[in-house]
Amino acid sequence: MMVSVDLLPLLFQGAAVTLQVTALSMVVAFVLSFAAGFARLSRIKSIRVASSVYVEVFRGTSLLVQLFWLFFALPLLGIELTALVAGVMALGLNYGAYGSEVVRSAILAIPKGQTEASIALNMSPWLRMRRVILPQALAIMLPSFGNLAIELLKGTSLISLITMADLTYQGMILRTFDSSRTFEIFGLILVMYFVMAYPLTLFMRWLERRFSAGRV
Amino acid sequence: MEFVKDAPIVRYRKVSKSFGDRPILKEINLDIAPGEKIAVIGPSGSGKTTLARLLMTLEEPTSGTIEVDGNQLWHKTVQGKLVRADEKHLHSIRGKIGMVFQHFNLFPHMSILRNVTEAPIHVLGLDKEEAVERAVSMLKKVGLADKLDQYPAQLSGGQKQRVAIARALVMRPKVMLFDEVTSALDPELVGEVLTVIREIAEEGEMAMLLITHEMEFARDVADRIIFTDGGRIVEQGTPEQIFYRPQSPRLITFLSRFRAG
Amino acid sequence: MWSWSFTWSILPQILEAMKTTILATIVGFAFALVGGLVLALGRRAKNRAISLGTAGIVEFVRSTPLLVQLYFLFYGFPAIGISLSPFSAGVLGLGIHYSAYLSEVYRSGIDAVPRGQWEASKALNFSKGTMWRRIILPQAIRPVIPVLGNYLIVMFKETPVLSAITLVEMLLTAKMIGAESFRYLEAFTLVGILFLILSYGSSLLIRRLELKWSRS
Numbered sequence: 031m032m033v034s035v036d037l038l039p040l041l042f043q044g045a046a047v048t049l050q051v052t053a054l055s056m057v058v059a060f061v062l063s064f065a066a067g068f069a070r071l072s073r074i075k076s077i078r079v080a081s082s083v084y085v086e087v088f089r090g091t092s093l094l095v096q097l098f099w100l101f102f103a104l105p106l107l108g109i110e111l112t113a114l115v116a117g118v119m120a121l122g123l124n125y126g127a128y129g130s131e132v133v134r135s136a137i138l139a140i141p142k143g144q145t146e147a148s149i150a151l152n153m154s155p156w157l158r159m160r161r162v163i164l165p166q167a168l169a170i171m172l173p174s175f176g177n178l179a180i181e182l183l184k185g186t187s188l189i190s191l192i193t194m195a196d197l198t199y200q201g202m203i204l205r206t207f208d209s210s211r212t213f214e215i216f217g218l219i220l221v222m223y224f225v226m227a228y229p230l231t232l233f234m235r236w237l238e239r240r241f242s243a244g245r246v
Numbered sequence: 242m243e244f245v246k247d248a249p250i251v252r253y254r255k256v257s258k259s260f261g262d263r264p265i266l267k268e269i270n271l272d273i274a275p276g277e278k279i280a281v282i283g284p285s286g287s288g289k290t291t292l293a294r295l296l297m298t299l300e301e302p303t304s305g306t307i308e309v310d311g312n313q314l315w316h317k318t319v320q321g322k323l324v325r326a327d328e329k330h331l332h333s334i335r336g337k338i339g340m341v342f343q344h345f346n347l348f349p350h351m352s353i354l355r356n357v358t359e360a361p362i363h364v365l366g367l368d369k370e371e372a373v374e375r376a377v378s379m380l381k382k383v384g385l386a387d388k389l390d391q392y393p394a395q396l397s398g399g400q401k402q403r404v405a406i407a408r409a410l411v412m413r414p415k416v417m418l419f420d421e422v423t424s425a426l427d428p429e430l431v432g433e434v435l436t437v438i439r440e441i442a443e444e445g446e447m448a449m450l451l452i453t454h455e456m457e458f459a460r461d462v463a464d465r466i467i468f469t470d471g472g473r474i475v476e477q478g479t480p481e482q483i484f485y486r487p488q489s490p491r492l493i494t495f496l497s498r499f500r501a502g
Numbered sequence: 010m011w012s013w014s015f016t017w018s019i020l021p022q023i024l025e026a027m028k029t030t031i032l033a034t035i036v037g038f039a040f041a042l043v044g045g046l047v048l049a050l051g052r053r054a055k056n057r058a059i060s061l062g063t064a065g066i067v068e069f070v071r072s073t074p075l076l077v078q079l080y081f082l083f084y085g086f087p088a089i090g091i092s093l094s095p096f097s098a099g100v101l102g103l104g105i106h107y108s109a110y111l112s113e114v115y116r117s118g119i120d121a122v123p124r125g126q127w128e129a130s131k132a133l134n135f136s137k138g139t140m141w142r143r144i145i146l147p148q149a150i151r152p153v154i155p156v157l158g159n160y161l162i163v164m165f166k167e168t169p170v171l172s173a174i175t176l177v178e179m180l181l182t183a184k185m186i187g188a189e190s191f192r193y194l195e196a197f198t199l200v201g202i203l204f205l206i207l208s209y210g211s212s213l214l215i216r217r218l219e220l221k222w223s224r225s
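Residue numbers (our numbering), protein chains in the order written: chain A, 31 to 246; chain B, 242 to 502; chain C, 10 to 225.
Please note that the accuracy of each hint is not assured.
Stated by the list, open to error - No farther apart than 25 Å at their CA atoms in a straight line, the calculated lysine to aspartate or glutamate pairs in the DMTMM-like style are these: (1) Lys142/A to Glu421/B; (2) Lys184/C to Glu25/C; (3) Lys28/C to Glu86/A; (4) Lys142/A to Asp427/B.
Since the hints were derived computationally from the structure, they do not count as laboratory data.
The structure presented is a predicted model; accordingly, all values stated were derived computationally and were not measured.
Just chain A, same shape as in the assembly (with noise of 0.2 Å):
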């Protein structure tokens, strides 16, 4: 591997992107997990109805065909997106639509006695949410959720077909100056995306191994 030495500073670019981008959606996935989460829940079924078609759409429809959907259909709507923003609209939408199921089946999950001893000792609804029902039903939502940080950042991997310059896309870039290496270059790549991707694993199972502490 001595010889792949200089293919490392395009792909440390690359890679760069790559994390960023990662983090951009993640950040929208994790907001409309929860929007959509609560709202499936809503009392109200016009949002219920709502945020059911969204989830159903998003994870119905292939996450690629959502991407170039955005970026080469929307603006014959008149709606131009830099390739960043579709990729994180696309990434961020489609994986808060799994993440939402998430969100919705942690906090079914709770037992009703939970729910009644809130009302019983007089707690707001609010209250009873944010104090009593989400924190034990984060600790069931977090390996979901760790499952799903990874396949986001698998899934960034897209967006070098929509001119990105993620590590990817770079792979692609120097395969056209030297293709007798392009086993080397993907074979390199898919150790840095394995590289990016493991700390997660372990992270996650760290926080769950932590979050089960004393509860048992």
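Chain A is fixed; fit chains B and C onto it per the hints.
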């Protein structure tokens, strides 16, 4: 009725409840005097738990009204008409009621101390010091002052239920509901919980509605016993009357089955 | 802005390409079903080198993007003398990628087989092969069939990524139509709707099967 001397603290007026088309309670009328201890007995499915859950606002009555301390619980008066109460109204009345559940329902992610201080701090608005002081004295009362930093999962069922009692007491309700609080316990743990409830009952100032299968306990603690069956109050009276001079055939059958079992 | 007549005119072409999408899904999934089982058994191997090696492969494959894996197979392998057609590289990539996921599904199924079943098999002196084939696997696989079904849908939704290695499936067909006519809006929307119908429809089907099964 001789027990109701002051204005009642709770008043059920023609309260009915059905789940779907299955009636659970049928036009219940019941007054509870301040400080009165009432035990509710009856076969399972007779509606006795629902009686308590309506008062705790965990279920909404299908018809009828409940008054707490002179105020409508499930309704409020707007321009002379009774309308369905909103969360704000429920919140303002609910503080007078407390409840202990069959399955404890402690908060598993909070220490014992936090289980008991959580509502005083965030619902009553006490400062932390005062809440802790109140909580510790209450946990002492139920004999668990040495468990403050433990978590519910580390306690036995009897201990959990005593924490749940402390958690409800610390809110200083005027009426306390005990919903089959020993039913989920191993037989050898029932005694410690009943002892605590007896002590609280003896202090006297709080009204108590005890839904129970422990006949002996009901007889000792209650001023009045209510026997429910098929969604109605079939018979009520002093423990003396209910246990030694039951009138209705259904109560007689119920008691005999109990003695046999 | 939106032309229905254009939408109708491209529908046959896209439906034709759907055949490729579906074929790639089926072949890739068949590969993953077998590969996943091999990996699941490999992880249980007594030989530590094999079990750790398998675990490593699973972690690595799951932590790296399908797109880069496909590039590696399609562009990288020719550099070491192995040329694959877009279709074979595509289904091989899908198969390998999802083998890693399915191995975890099998594993959870195997772990859920009660200990008594292993002990009884031993007491009856079954050979290892017989035990796995006749006792353990039938019990391990049946309860995870709905999960496997969900992965089939997930894989189906990832087939558009195969367009990046020039496999002419639905998305690439739509993209080519868009490039010719500048009517990306109709082309991509149509693809999105087709994906939604197929994946949502099949997920409803799986849910119904699951309900039926859990009752019996």
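(message) Let me make sure I understand: some of the numbered hints might not hold for this structure. Which ones are they, in numerical order?
(response) The structure breaks none of the hints.
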